[in-house]
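Protein chains in written order, with the working numbering: chain A, 1 to 185; chain B, 1 to 159.
Treat each hint with caution, since some may be false.
[To be verified] Only part of the chain B face toward chain A is listed, based on derived beta-carbon distances under 7 angstroms:
hint: 1; residue: 15
hint: 2; residue: 26
hint: 3; residue: 28
hint: 4; residue: 31
hint: 5; residue: 51
hint: 6; residue: 99
hint: 7; residue: 101
hint: 8; residue: 105
hint: 9; residue: 108
hint: 10; residue: 122
hint: 11; residue: 134
hint: 12; residue: 149
hint: 13; residue: 150
[To be verified] To spell it out: a stretch of chain A is covered by chain B in this simulated footprint if at least three of its residues, at any positions, have a beta carbon under 8 angstroms from a beta carbon of chain B; those stretches are:
hint: 14; segment: 20-32
hint: 15; segment: 39-50
hint: 16; segment: 111-120
hint: 17; segment: 125-139
[Said to hold, decoys possible] With a straight-line Cα cutoff of 25 angstroms, these simulated BS3-like cross-link-like pairs (lysine-lysine) come out:
hint: 18; chain 1: B; residue 1: 56; chain 2: A; residue 2: 151
hint: 19; chain 1: A; residue 1: 166; chain 2: B; residue 2: 43
hint: 20; chain 1: B; residue 1: 145; chain 2: A; residue 2: 166
hint: 21; chain 1: B; residue 1: 111; chain 2: B; residue 2: 90
hint: 22; chain 1: A; residue 1: 155; chain 2: B; residue 2: 56
Think of the hints as simulated: they come from the structure by calculation, not from any bench.
Only a predicted model underlies this, so the values are computations on that prediction, with no experimental measurement involved.
Idealized CB from N, CA, C, for every residue including glycine.
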Amino acid sequence: MARKSSKDRVSNEVNAGSMADIAFLLLIFFLVTTTMDQDKGVLVRLPPWSDEKPESERLASRRVLSVLVNSNDELLVRGEMADINALRSRTKEFIMNPNKRDDMPKEPKDAIISLMNDRGTHYAKYLAVYNELKAAYNELYDEEAQRRYGKPFEKLSKSKQKLIKKIIPLVLSEAESTNYGEEDK
Amino acid sequence: MAKFEKKRGKTSPAISTASLPDIIFMLLFFFMTVTVMRNSTLKVDVNIPEATELTKLEKKSLVNFVFIGKPMKQYQAVRGTSPQLQLGDKFSSISEIPVFLEKHRAKVPEKQRSMIISSLKIDSKVTMGIVSDVKDQLRKSEQLKVNYSAKARAGDKYK
């Protein structure tokens, strides 16, 4: 009897000394495999595929702001050379048309941005231009939110955000890219 | 006074390590929850451009990755130096995109399939030719939600 009880006492405790080692091993494994950087990027909704080509005469109307980026990464806005730093304010002016000009859309929801690039355009430039166009819309959303609700756009509820996006819908059409400057390396 | 000094000298100051496993476990759980397994090894050089209008990608399981860039040095002998497409962990041609997307779609519950985002990790020096081709292929396969991967540019969100 006495022997048995002493046996019990011994097996009562599991040796937890190696627990730390096991935990360390796992810890190091996860430390190594962890990537902390969050994936971020410019979110884009591509237009659905259709076999018909977009009408080209549409591009001439007052509703369209055509933005071209050629193979030398030069910017052409409505047929004139433009600077990328001015693109954002220019796009905003185009969409809102504060001076009621004839060559700009009557209402923000009529505005269409047409972005066209060459196959030789560098991706960095393309994304920079896209970023500016998106920034213009985001700034307009913010201004509209401030005007209507006195709050920045991000702080509004989902339904109010939708409402503002309905007033100023982001319409960005991307025409098929031209092919003048692609290098065949 | 004398009594105190004597005691201090005798006892060995052993620090209890009993709570060490707990601390380590805590760290372990932290890293387990934040870990994202890298499932594809890069075979192309991708140096993503900078932008300001960024959106975070929330659910990793709903994202598939498309890489475009120059092949890395060790593959250049076979693959050349012109930009290549990488899907999963191998070089692919553009015609393989639909199959790649379908494979990913099959893993996602049906309700969430409309929320799948393709993350395009494209090197900033790549020309738009291959990018347009990939974009067209994505549109044809009805994968319209696309995220151009980019780093945050230093400076204000709104200038």
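Going down the list of hints, with the structure as the test:
1. The interface hint given for residue 15 of chain B is violated, since its Cβ lies 14 angstroms from the closest Cβ of chain A, which is over the 7 angstroms cut-off.
2. Violation of the interface hint for residue 26 of chain B is found here, the shortest Cβ-Cβ separation to chain A being roughly 9 angstroms, above the 7 angstroms cut-off.
3. Interface restraint check for residue 28 of chain B: the shortest CB-CB distance to chain A comes to about 5 angstroms, inside 7 angstroms, so the restraint holds.
4. The criterion of a C-beta within 7 angstroms of any C-beta in chain A is met by residue 31 of chain B, whose closest approach is roughly 4 angstroms, and the hint holds.
5. Annotation: interface hint on residue 51 of chain B holds; nearest CB of chain A at approximately 4 angstroms, less than 7 angstroms.
6. Checking residue 99 of chain B against chain A: minimum C-beta separation of about 17 angstroms lies over 7 angstroms; hint violated.
7. Below 7 angstroms, beta-carbon pairs count as interface contacts, and residue 101 of chain B has none with chain A, the closest being about 13 angstroms; its hint is therefore violated.
8. Look at residue 105 of chain B: its Cβ only gets to about 17 angstroms from chain A, farther than 7 angstroms, so that hint breaks.
9. Nearest Cβ of chain A to the Cβ of residue 108 of chain B: about 17 angstroms, over the 7 angstroms cut. The hint is violated.
10. Here the hint on residue 122 of chain B is kept, as its CB sits about 5 angstroms from the closest CB of chain A, short of 7 angstroms.
11. With 7 angstroms as the threshold, the beta carbon of residue 134 of chain B stays out of range of chain A, its nearest partner Cβ sitting at about 11 angstroms, so the hint is violated.
12. The beta carbon of residue 149 of chain B comes within 4 angstroms of a beta carbon in chain A, closer than 7 angstroms, and the hint placing it at the interface holds.
13. A cut of 7 angstroms between beta carbons decides the hint on residue 150 of chain B: the least distance to chain A is about 5 angstroms, and the hint holds.
14. Here's how the segment 20-32 of chain A fares: 7 of its residues keep a CB closer than 8 angstroms to some CB of chain B, so the rule of at least three is met and the hint holds.
15. Requiring three or more residues with a Cβ within less than 8 angstroms of a Cβ of chain B, the coverage given for the segment 39-50 of chain A holds, as 11 such residues are present.
16. Here the segment 111-120 of chain A counts 4 residues with a CB under 8 angstroms from a CB of chain B, which clears the bar of 3, and the coverage holds.
17. Given as covered by chain B, the segment 125-139 of chain A passes the check, having 9 residues with a CB less than 8 angstroms from a CB of that chain where 3 are the minimum.
18. Our distance criterion of 25 angstroms between C-alpha atoms is met by residue 56 of chain B and residue 151 of chain A, whose separation comes to about 22 angstroms.
19. Restraint check: the Cα-Cα separation between residue 166 of chain A and residue 43 of chain B comes to about 43 angstroms, which exceeds 25 angstroms; the hinted pair is violated.
20. Of the pairs offered as hints, the one joining residue 145 of chain B and residue 166 of chain A holds, with about 19 angstroms between alpha carbons and a cut-off of 25 angstroms not exceeded.
21. The straight-line distance between the Cα atoms of residue 111 of chain B and residue 90 of chain B is roughly 29 angstroms, outside the 25 angstroms bound, and the hint therefore fails.
22. Restraint check: the Cα-Cα separation between residue 155 of chain A and residue 56 of chain B comes to about 17 angstroms, which is no more than 25 angstroms; the hinted pair holds.
Of the hints listed earlier, those the structure fails to meet are numbers 1, 2, 6, 7, 8, 9, 11, 19, 21, in rising order.
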